[in-house]
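Student: Here's the letter readout for the chains.
There are 4 protein chains.
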Amino acid sequence: MPNKKPLNIGVVGCGYWGPNLIRNFNSLDGANVRTACDADERRLAHMKRLYPNIETTQHFGDLVNDAEIDAIAIATPVHMHYEFGCESLRAGKHAFIEKPMASSVAQCQELIDLAERQKRTLMVGHTFIYTSAVRKIKEILESGEIGDVLYITSRRLNLGLFQKDINVAWDLAPHDISIILYLFDEVPVAVNCQGKAHVANGVEDVTNMSLTFRNGKFATVMSSWLDPNKIREMTIVGSKKMIVYNDIEPQEKIKIYDKRVEVPPHYDTFAEFQYSYHYGDSHCPHISQIEPLKVECQHFIDCIETGAKPQSSGIEGIRVVEILEAASESLRKHGAYIELRRTS
Amino acid sequence: MPNKKPLNIGVVGCGYWGPNLIRNFNSLDGANVRTACDADERRLAHMKRLYPNIETTQHFGDLVNDAEIDAIAIATPVHMHYEFGCESLRAGKHAFIEKPMASSVAQCQELIDLAERQKRTLMVGHTFIYTSAVRKIKEILESGEIGDVLYITSRRLNLGLFQKDINVAWDLAPHDISIILYLFDEVPVAVNCQGKAHVANGVEDVTNMSLTFRNGKFATVMSSWLDPNKIREMTIVGSKKMIVYNDIEPQEKIKIYDKRVEVPPHYDTFAEFQYSYHYGDSHCPHISQIEPLKVECQHFIDCIETGAKPQSSGIEGIRVVEILEAASESLRKHGAYIELRRTS
Amino acid sequence: MPNKKPLNIGVVGCGYWGPNLIRNFNSLDGANVRTACDADERRLAHMKRLYPNIETTQHFGDLVNDAEIDAIAIATPVHMHYEFGCESLRAGKHAFIEKPMASSVAQCQELIDLAERQKRTLMVGHTFIYTSAVRKIKEILESGEIGDVLYITSRRLNLGLFQKDINVAWDLAPHDISIILYLFDEVPVAVNCQGKAHVANGVEDVTNMSLTFRNGKFATVMSSWLDPNKIREMTIVGSKKMIVYNDIEPQEKIKIYDKRVEVPPHYDTFAEFQYSYHYGDSHCPHISQIEPLKVECQHFIDCIETGAKPQSSGIEGIRVVEILEAASESLRKHGAYIELRRTS
Amino acid sequence: MPNKKPLNIGVVGCGYWGPNLIRNFNSLDGANVRTACDADERRLAHMKRLYPNIETTQHFGDLVNDAEIDAIAIATPVHMHYEFGCESLRAGKHAFIEKPMASSVAQCQELIDLAERQKRTLMVGHTFIYTSAVRKIKEILESGEIGDVLYITSRRLNLGLFQKDINVAWDLAPHDISIILYLFDEVPVAVNCQGKAHVANGVEDVTNMSLTFRNGKFATVMSSWLDPNKIREMTIVGSKKMIVYNDIEPQEKIKIYDKRVEVPPHYDTFAEFQYSYHYGDSHCPHISQIEPLKVECQHFIDCIETGAKPQSSGIEGIRVVEILEAASESLRKHGAYIELRRTS
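Residue numbers (our numbering), protein chains in the order written: chain W, 1440 to 1783; chain D, 1440 to 1783; chain F, 1440 to 1783; chain B, 1440 to 1783.
Simulated from the structure, these hints should not be mistaken for laboratory data.
Be a bit skeptical, because a hint or two may be false.
It does not matter which identical chain is meant; a pair holds if it fits inside one copy or across any two.
As the list claims (entries may be wrong) - DMTMM-like mimics (lysine to aspartate or glutamate), calculated; alpha carbons at most 20 Å apart, straight line:
| # | residue 1 | residue 2 |
| --- | --- | --- |
| 1 | 1577 | 1686 |
| 2 | 1656 | 1625 |
| 3 | 1635 | 1587 |
| 4 | 1444 | 1526 |
The shape of chain W in the complex, shown without the other chains:
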């Protein structure tokens, strides 16, 4: 039976993304943001102005030790995800951790194990799988309309915002990767990644990743903090149709193209052999305009209450981090093919 009292949420990290979590959790009937935590007093003062009823603190311990807090949402720089996640779970709080889940596969595994032992909900902020657009694409794929998915190519580019502790792949590619894994419903067997650091020494600002899956499935992910335009575009090539998903478009984010190559079933001579190209209609399905972060926050609340496994649980989180870890290894090894061990 659902809990009638709203869940009390603590949020740590009030920089770029944390305020969006606060706003969305606060807009839900089942949740209430009790405390916001940040090292920077000015950010806390700003939160207080926007939400006069919120408590603020510079000490993460105040969240963990507050018996009234049911769940903690972590929107700090990545290198603090693991520590804050562990402390939250150990204190018996449910944990919502922004993407990427942690700095290594090992950290992710510990968080998963801890959540299991503590019987607490652990969810990772893979926001895009909660968007109407990505869910619509998943629905189209499952309907069989586009045939077998052959490959996916994704680009996420813009000017800035540079991170200091992670490279552009760790910053931007978790979005593409989480969508690709969700759509393929399969993890890759290996990763190649090349890239370069042009602005900050040792921090790649452009990366070019290739993901190899079983049975010839393939994906590429291009990430950049150094592009004049904001681009968030993914092409899903199927054997029957093709989809372009342009997240920047305000209205028509998905376009389905009835286009394909047709290989003749049999032929006698090489000269007879001709591919034919099918060009048909294109189609933009209507997509409801719901803030995905609201859907995601509601899902976290629902999972806490029902005990269900989140759609972006620790498992999904560790899969993304495993790919990022392999990408980093590939970058160090000049783009070499890095096989993934745990492709469960």
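Guided by the hints, dock chains D, F and B onto chain W, whose structure is given.
Tutor: Here is chains D, F and B on its own, set in the frame of chain W:
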């Protein structure tokens, strides 16, 4: 002193591209297409209908043995470039070979050596370096306006036309690579390439290449025969400004963005450290609309008459093929980093 | 029974458009361009170069008096359409006249009457009704998919090419008007037109026309020779769906939007009254890429041979000219509402 | 000397637009929204949730009679602007009235006179003249870069939101008209307007207006509630260059085209006479992203404190309403040319 009599040209290969060569050579005052050669009678009949004064033959020997023919343009499938190129040069004809120059670096080198010995002009059909757009970009780069070029990312995608003897990288990437080498004025030190064959066994229809240059310079080249849209787009990221070159745009092919990341020159504490982002005007220079193939054909005629080295000579041709050869090796080795030996 | 011998065509006017007629008539099995006529020797020399077998003349009489010529296509400035059309028909030739058909309704009527008396085919070059895109739209309208057509708004803008003898409405709007009449299948009851002449005294270079039809149907036509972009766009608003037809798009010229306003069927209080807005999918039907002028030229040949009335006969021609004449009158009367007398 | 105590603002009308006024006035240091007024309790409850410190009332008298309130912002349906504006001014409050200022020229004049007698600031919500884009265009025009402005054509189209008390011209065209008057710095001498009501009886949902200025200057304004796309586009054609202002573009709202027609200065024969077309670069100036409503609200506060005349004062308000009134008259008279009496 320039030759007053128009040069007689033989063209072999009247499939997709050859007719464009015939049309353009014929439109020049200094040239005259004397004979068209193709294995397919119907293609020859079609050429005859369009150009009643042209001779046609199914035998390449008829071109080589015709003392009136000064130069031969080769627009056949790639695997015939080497043989036809050698025969032409040996017969004392100047040779114009479509891109990619040949099937291997070794073949290219033989063609170069042969042309030198025969004192004949050898030119490769890297059409894009004769476009107003690419020349304008080169001019902008040389002016210093965009600062140091940090990286170039290029995509050339469409549905079809599948080749049977070469993969999509050999088919489409010569365009991107020849432009990138022209703009960087430098050859890469290594190549990574991943990709997959989805339609024809063993013939990759999507490839994702990374080129590593000295001093952190970098380029990526994405090629596909399986994309719903025709895309020919290149982004040139400089330290001061950025350029997007969209070859599909009918008018404004080049857009220069006054955008960059500014790193603070010095700072005392890490907390003080902040990148700043500069956003300024954008600008589309007017580009004259001249058919690049006409410029290219004229350049071939001029080089024959003056003895000058073409802007896309055998050297440029072999450099592109060396990268393609390395890309093929990288594809076989799961995307491994393949160093280029002869980066002269 | 169809004529086996190709029809001999004479073409008068080899400026901007005439060469397209020559090329297309020549590409048809059933036609052969025998003679090209123009006052300018250089244009004739150019035609001769392109089509060595064509005869050329500076005297229109040479076309009319040539017993071998079956039909004459008139692509001269508008003020010569009437005279050349009459001479052609009187000489027993079939006549194809470019749009607009003539300089006045009276001239059009004489041409229609003459063609009838002479039992010759009279066709007007309303090219757009022969395009795959406009025919597809007509088909969609007839299917009932978009409901009742409420209004059509059309824009045809570009920089140049200025005409000297007619204003921009006479130059560009015949395209829009012929499409609108074809789609509505109805002639307007009145025309308003405002505009201004900025470059050449007395020759409007921008006009803004409104067409009033029966039953609340409505259309607007904006024409300009002074716009930075080439725009050819038409929006057809139906009671159930809406169509945007963008002729500049190379591929997806038509887009159907499943959008509409829904008025509540009944309501008790004003406060209850709320419109609702339906937003659904959008859809781009595939359109075959056939040169419309070829379809149009073939249709002319077919009509001559079968005696059928062309889809753009003198009737369609006079309807367009009547609207243009009314537009000119409205322009002189400061945009006043000019009723059309013969709205048959 | 500026007032140190923030001005107390009352806002009447909490439907679609009023909440934006509340949010913006509240964000300013010099203002404080004291009371929100609306007939609908649910809207007031919603305001209270967003701004817990605000007072709410269903009675406009509570604003007028509150001695603490310095200024009243009126965001009600248009037919209430006059009454609420008069009551506010009579009570000694400064008045900010949304566009269009009132339902008639007579009402506007009374409001202007009353404000003058009461020595109170009267400002009209012509938001667009406070946008960075429109101000940038004005700056470009004043610099002489585009030469003389020949004509302006504007379109403001979307699906909905239907108004019940005014037609689409009164609803949407005030934006276009206020921008056009600001850019031309001149009022038109006459108005033509055609249009039709398709959805609600007697309420035009599409209108097509032409504005005639002195010296050949011209403007057109197309307005529609029945278009599949949201369009807010204006083209400003100058004798030297042309500007397209696309307000929907998130970044590059303004594009300047170096294009023009060049008329030869003199010529001997008609045959020699040729227009030439100049095609040069295009350019998108960077525009700062400031919320125009915030600029506008600040300007109202500043004008109250300094006594300066607002840039969108009652004068600008009455000019827009005079054009709308003439447009309504023209609509009734089938698009007739309606001269404006008071073109001061």
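Student: Taking the hints in turn, state whether each one holds.
Tutor: Here is how each hint holds up against the structure:
Taking identical chains as interchangeable, the C-alpha atoms of residue 1577 and residue 1686 lie at most 20 Å apart only when both belong to the same chain, with a minimum of 15 Å there against 33 Å between chains. Proximity of residue 1656 to residue 1625 under the C-alpha cut-off of 20 Å is restricted to the intra-copy arrangement: shortest distance 10 Å within a copy versus 34 Å between copies. In this assembly of identical chains, residue 1635 and residue 1587 lie within 20 Å of each other by CA distance solely across copies; the values are 15 Å between and 34 Å within a copy. In the homo-oligomer, the alpha carbons of residue 1444 and residue 1526 never lie at most 20 Å apart, since the shortest distance is 24 Å inside one protomer and 47 Å across protomers.
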